[in-house]
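Undergrad: The lines below spell out each chain.
Number of protein chains: 2
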Amino acid sequence: MSGIAQKLASNQKQVAISEFFEKNKHFLGFDSLARSLITAVKEAVDNALDACEEARILPTIKIQITKLDTKKDIVRMVVEDNGPGIPQKSIEKVFGQLLFGSRFHAIRQSRGQQGIGITGVVMYCQLTTGRTTHVRSKIANEPTAAFVDIGLDTRKNKATKANAGREIWYNEDGTGKEHGTEVTAEMKAKYQKGRQSVWQYLRMTSIVNPHAEIIFVDPEGERHHWTRVTERLPTKVESIKPHPHGIELGQLQRMIAESKDLNLNHFLLNNFSGVTNRARKELCQAAEIEGTRKMKSVKGDDIRALLESFQGERLFNGLPVKLLKPPTNCLSPIEEMLIKKGLSKTIDSRFVTTLTRVPSVTQGNPFQVEVGLIFGGGMAGDKPVEILRFANRVPLMYQQGGCLLTKAIESVDWRQYGLDQPGGKGVPKGPAAILVHLASTNVQFTSEAKEALADNAEVMEEARKAMLEMGRGLRKHLEKKKKMAKTKEKFELINDILPAIAEKSAQILERPIPELSGSITRIMSAVISESTTEWNKETKQTDVEIILFNYTSRVRAYTILATWPEKAGATMEKNETGGRKEALGVWAWKLESLQPGEKTTITYSLGGLERGDWTETEILFRGSQDVIGATKMDEKFLQEIRRQEQILGESGVVEPEAETDQKQAETVEKTDEPSEEKIEPAVAPPDGQRTLFGGDV
Amino acid sequence: MSGIAQKLASNQKQVAISEFFEKNKHFLGFDSLARSLITAVKEAVDNALDACEEARILPTIKIQITKLDTKKDIVRMVVEDNGPGIPQKSIEKVFGQLLFGSRFHAIRQSRGQQGIGITGVVMYCQLTTGRTTHVRSKIANEPTAAFVDIGLDTRKNKATKANAGREIWYNEDGTGKEHGTEVTAEMKAKYQKGRQSVWQYLRMTSIVNPHAEIIFVDPEGERHHWTRVTERLPTKVESIKPHPHGIELGQLQRMIAESKDLNLNHFLLNNFSGVTNRARKELCQAAEIEGTRKMKSVKGDDIRALLESFQGERLFNGLPVKLLKPPTNCLSPIEEMLIKKGLSKTIDSRFVTTLTRVPSVTQGNPFQVEVGLIFGGGMAGDKPVEILRFANRVPLMYQQGGCLLTKAIESVDWRQYGLDQPGGKGVPKGPAAILVHLASTNVQFTSEAKEALADNAEVMEEARKAMLEMGRGLRKHLEKKKKMAKTKEKFELINDILPAIAEKSAQILERPIPELSGSITRIMSAVISESTTEWNKETKQTDVEIILFNYTSRVRAYTILATWPEKAGATMEKNETGGRKEALGVWAWKLESLQPGEKTTITYSLGGLERGDWTETEILFRGSQDVIGATKMDEKFLQEIRRQEQILGESGVVEPEAETDQKQAETVEKTDEPSEEKIEPAVAPPDGQRTLFGGDV
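Top line first, the protein sequences correspond to chains A and B.
The numbering of the first sequence is this note's numbering, which starts it at 40 and goes up by one.
The numbering of the second sequence is this note's numbering, which starts it at 40 and goes up by one.
Think of the hints as simulated: they come from the structure by calculation, not from any bench.
Keep in mind that the hints are not guaranteed to be accurate.
[To be verified] Below, computed lysine to aspartate or glutamate pairings styled on EDC-like, alpha-carbon distance capped at 20 Å: (1) K52/A / E131/B; (2) K111/B / E352/A; (3) K338/B / D188/A; (4) K229/B / E352/A; (5) K629/A / E584/A; (6) K335/A / D192/B; (7) K521/B / E655/B; (8) K464/A / D459/B; (9) K280/B / E58/A; (10) K46/A / E277/B; (11) K606/B / E270/B.
[Stated by the list, open to error] Computed far set for chain B versus chain A, every beta-carbon distance over 12 Å: (12) S49; (13) K110; (14) G357; (15) A545; (16) A565; (17) P604; (18) R682.
[Claimed, not checked] Derived DEER-like restraints, expressed as beta-carbon distance ranges: (19) G440/B / T616/A: 53 to 61 Å; (20) K464/A / D192/B: 45 to 53 Å; (21) P182/A / D192/B: 53 to 61 Å; (22) E297/B / K299/A: 43 to 51 Å; (23) K333/B / S49/A: 29 to 37 Å; (24) D300/A / D192/B: 16 to 24 Å; (25) P258/B / E347/A: 17 to 25 Å; (26) T105/B / D300/A: 34 to 42 Å; (27) K299/A / K333/B: 51 to 59 Å; (28) E347/A / K275/B: 48 to 56 Å; (29) R234/B / T331/A: 50 to 58 Å; (30) G440/B / E347/A: 34 to 42 Å; (31) E347/A / A203/B: 29 to 37 Å.
These numbers come from a predicted model, not from an experiment.
Cβ coordinates follow ideal geometry from the N, Cα and C atoms, glycine included.
Let the hints inform the model, and build the full structure from the sequences given.
TA: Dropping the structure here:
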């Protein structure tokens, strides 16, 4: 026995982070030859998009894959962007050092977070082919581009450099390149087609990055081009300070130990989001610490008390201290209309609905869920629906089953929304695709490969709510289609057959043909609305026409309401019927007296849009008798829109009720696995999210 | 634009590995409060088991969980082992430094590999409670134990130490503790019961570590005790050298650069497993490099050529160079009988079958798959079967859906083996539990939390083959049960009713009762075998009785064969019928003339076993007429047993055919996702794995 402990201990040594990831390269997404190529492209393209957005440049990215040795599966990848470029002395660290980057400590939405991705690619190339990665980069205020071959000393986690120099960088057309970065990497990998492929990754990227132009030259030399569908860059995201609700004790201890603030008052005001001057005072009182205490003297139990005040475990005047929610300008959702554009561009379908939830918060981190649903068209009806998962605008291509977003989809009983789903659980079947996007300052993946989201009760709930709301939109669409088809059938029957019978009968009886319009009205006994939304090539506007037929025997009065993309910057033109704005994106017209057998027409045009932006208008009504082809106004719907308007108006900073806040914090702590019971029932009433952009396309 | 590149670059900095894992603590298994506690227990227990095995100590591990603050979810975990202990100066590194350990570079089967686990626990405690972890450790040749409070400086990845000292460590009974380690950690966590709980983790651990004694005191003070069911420690594993088939170019370059060998000949012989002197010569020739070349001169294209020879891309005499398989003494499977014991101890059932495949190799790493199936008993019949996944004797509790082992189970059509399975895909339903264990020198998990295995075509194939074979065992068992029940029914009918009819008829006709034995034989027209296998309390042996009835009208001749646990060290006793050894674990008796209407009995006893070790004997026969209750000998079965004997006899080092080897290497490179097509059809013939330990329990 003696000596065995020492013997065992003597074998222990420190492993470098690079050695760790070299051995565990599958953690980074390098597990099979096909996936390794996708991972490499993904890391390079993610970096390019992040850099362009930070520098406010509309990205143009070119990806070229060449097979160098088919027998040995050696592939070359070249990714070129028009980003700001990387200063010469930074190149080696960005490409040759793991865990080096700018985004790790920044609290804001970005694709890259960890400083692992592209260095992982360099490491994989070196390991599998022994070759270095060639990087060329030019920044705007230098005349030439820097180039260098980068490798990785895995024992030291340092870059190795070779063949460094400078050169003039010419574009294909012979002009000089202004700025950008080009990565040339040669690796053991395999190019393949299909559901999990470079092509599919780029196609999905283009859906959620409609502002990017992506050109892909595949190994056969074929050129695939996804054009830019909007010139609008995503909203610029700002880094925010951590929110007290997301702080853990160890972190707070470190912040205090490293603080250079004058005293606790300054510390609280300078280092957190959501802490107003009032909140600062109340936090100090709840924690029973003087705000004027020097930071050096804030220790042990003080820190614990402070954290308990943060978390509402210590009270001020018998209540948890009210904190503002973190600002949400750290997020940049894609937004409904752009998702719709992206989807329509890549998937042929009959019906598209999209939905962006208002931002929410989990553990102090703002996040936002967006969903889209495409139905009909050429999609197969007997297969599971296609699931398109995204996090911070990056497509997730692997580990679908283990991803929170998939679980959110599976948790919904889709049968009530018109999709097949054996047992009411699991991925539904039908001619549909479901898109779900999480934008967050801290996306929690299950591993470094960033392919699946880890469980989180709040994100699950938001995603599920979005699905339910979208499901209702689909059901409404299908029901409306059905109802309209029935009414149309009845209408045609009455309008065609009744006069024919009347004519025949009159002939036989040798009497005059009777006047039928009154009878038709009585038989129909309905008010019908019909609407068209059409792109007008000449005026470059979207023309909308709403017709209301009164096929009843009484005078009718209605308020007709229509949705329109006001939030997206559309303008209401040639609206001769007048009316008024009812809420953001909802216009209303009062129709006082609609005579029996008569029809009324409302027409207007929408300016400021592009073709395909707006293809169906939702018609709603207020009034006592149902209108076929329109939806009765749910006043809660309007209330919710107004609440959202308020939130957006205040640029994301809303004083929440303390109770709500507190409840959220508790959910974070008490819920360990996303629990079925906590989630709202599938038959819950609409919780007011708008599905403004539903429509046939 | 100017300056943006510099501005972006100026924000970049290096992140410490500890900071990385602090932010991404969910990668390490700290994602929910309940799971965090399981993860902490798991890391401590894994370390304890590894240390005990390395020091050849039968482990006794005590785990105590106490709730310190129910409102704030603060929990204390104490894990004490009787391992070799850790020298005082090593404690801080083991517990306070990430990626520090002895097992990262060693190629052998061990639970811990990465040097992350227990330091992750220390980090999590510090982050969530601000508290240090108390460690006490005593090694055998020191009079006192060392103790210290360990924390983690995440910015530097260094331990912080406090309150270090030495003390006498007393056991509960007042005696002095000889050696061992005790970890006391306080963390934000939640104790819960159920399928994913500390209790379940320990229960599963005891199944695959039958040599360990585990005592668990839960927060209510209840004491759970899993006793040691074998005094035999797992086979000692030896570290092996890397195998040429598992080497990648970057790694070979580094090995050559760091080599201190005299020349290439020495390098090849000293640093690899599987390279004989013949292979060494042939590799040099195939690579066209002189074996006497100094290592410094082996560069660039030489290294590439060498790797191509390793991988069979460069040929010697037109063929790939033959290499030995890596030795398999780096693996320590649990072995069939111990799995069965473990399962029987914890799950009540009617039928247990287990199977250990012979070791195989993927990418130069030896691995071995073991499976077990439990059927019947008190288990629910309408639910998915329970899946018990293990890797290197560690239970896997999370991410079941994303795990290779689950996928292997799902890929089998279980309907043909008597289990329900809607659509012939997915986890089967029925009153059963399936155990699957992967032992490997390099278990590839999907993340640091080590809860699911990443895809690998060879492991998938081995696991699937094991499932198929086990499924056949289950089917055989169910069919045999059915057939025996039918025969028994017929037998009872004939034996009870025929005489009754005869008697009644005789009475009515007033004639003597006829002799019926001849008629019964003619009606039955079958040879029936019955066997019992019973533990004899007095002799401490397992008594086996085999009876053969000849209910046919002709003389019969058979060879009867029976399985017995020879490999596990059993001895054949009191076998008066004699016979001979047919193969390892198979005994045979020749029965020359079995008269019509007669029966023959074979009895013997098995020594060297414990109660419960052997509860059912499989009876086989050679002969022309079927024997109900026995299985016709499949000669391939014997051939396979003999092949395995040979493999085992050569202690794992077998010269494979070059073609087979080559084919394996190709599969590694060409297969990116485990492909359905590559796997043998579900109705494949038995590939000869023995299911020796099937039986009712």
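Undergrad: Hints first: check each against the structure and report whether it holds.
TA: Hint by hint, here is what the structure shows:
1. Straight-line distance between C-alpha atoms of K52/A and E131/B comes to about 13 Å, which keeps the hinted pair within the 20 Å bound.
2. Straight-line distance between C-alpha atoms of K111/B and E352/A comes to about 9 Å, which keeps the hinted pair within the 20 Å bound.
3. With a CA separation close to 18 Å, the supplied pair K338/B and D188/A stays within the 20 Å bound.
4. Simply put, K229/B and E352/A have alpha-carbon atoms about 18 Å apart, close enough for the 20 Å limit, and the pair holds.
5. Between K629/A and E584/A the alpha-carbon distance is near 16 Å, which keeps this suggested pair within the 20 Å criterion.
6. Proposed proximity of K335/A and D192/B is supported: the alpha carbons are some 18 Å apart, at most 20 Å.
7. A distance of roughly 17 Å separates the Cα atoms of K521/B and E655/B; the hinted pair therefore holds under the 20 Å criterion.
8. At roughly 19 Å between alpha-carbon atoms, K464/A and D459/B fall within 20 Å of each other, so this suggested pair holds.
9. Taken as a hint, the K280/B and E58/A pair is honoured in the structure, with Cα atoms around 18 Å apart against an allowance of 20 Å.
10. With a CA separation close to 15 Å, the supplied pair K46/A and E277/B stays within the 20 Å bound.
11. Restraint check for K606/B and E270/B: the C-alpha separation of about 17 Å stays at or below 20 Å, so the hint holds.
12. Here S49/B does not stay apart from chain A, with its beta-carbon only about 8 Å from theirs, under the 12 Å limit.
13. Under the 12 Å C-beta cut-off, the non-interface status given to K110/B relative to chain A is violated; the minimum distance is some 8 Å.
14. For G357/B, the non-interface assignment is confirmed: its Cβ lies about 17 Å from the closest Cβ of chain A, beyond the 12 Å cut-off.
15. A cut-off of 12 Å between C-beta atoms confirms that A545/B is not in contact with chain A; the least separation is 63 Å.
16. With a least CB separation of 46 Å from chain A, A565/B remains clear of the 12 Å interface cut-off, as annotated.
17. The Cβ of P604/B lies farther than 12 Å from every Cβ of chain A, with a closest approach of about 32 Å, so its non-interface assignment holds.
18. Distance to chain A confirms R682/B as a non-interface residue, since its nearest Cβ pair spans about 32 Å, more than 12 Å.
19. A C-beta distance of roughly 56 Å is found between G440/B and T616/A, which places it inside the suggested range of 53 to 61 Å.
20. A hinted range of 45 to 53 Å holds for the C-beta pair K464/A and D192/B, which are about 47 Å apart.
21. In this structure the hint that P182/A and D192/B lie 53 to 61 Å apart at CB is violated, the actual value being about 45 Å.
22. Range check, E297/B to K299/A: Cβ separation about 45 Å, and the 43 to 51 Å hint holds.
23. Between K333/B and S49/A, the C-beta spacing of about 31 Å keeps the proposed range 29 to 37 Å intact.
24. Separated by about 22 Å at the C-beta atoms, D300/A and D192/B satisfy the suggested range of 16 to 24 Å.
25. One distance hint, 17 to 25 Å for the beta-carbon pair P258/B and E347/A, holds here, with the actual separation near 23 Å.
26. Taking 34 to 42 Å as the suggested C-beta distance range, the pair T105/B and D300/A conforms, at roughly 38 Å.
27. Judged by the Cβ atoms, the range 51 to 59 Å given for K299/A and K333/B holds: they are separated by roughly 57 Å.
28. Between E347/A and K275/B, the C-beta spacing of about 51 Å keeps the proposed range 48 to 56 Å intact.
29. In this structure, R234/B and T331/A meet the distance hint of 50 to 58 Å, their C-beta atoms being roughly 53 Å apart.
30. Checked against the hint of 34 to 42 Å, the C-beta distance between G440/B and E347/A comes to roughly 38 Å, which is consistent with it.
31. A hinted range of 29 to 37 Å holds for the C-beta pair E347/A and A203/B, which are about 30 Å apart.
When each numbered hint is compared with the structure, violations occur for hints 12, 13, 21.
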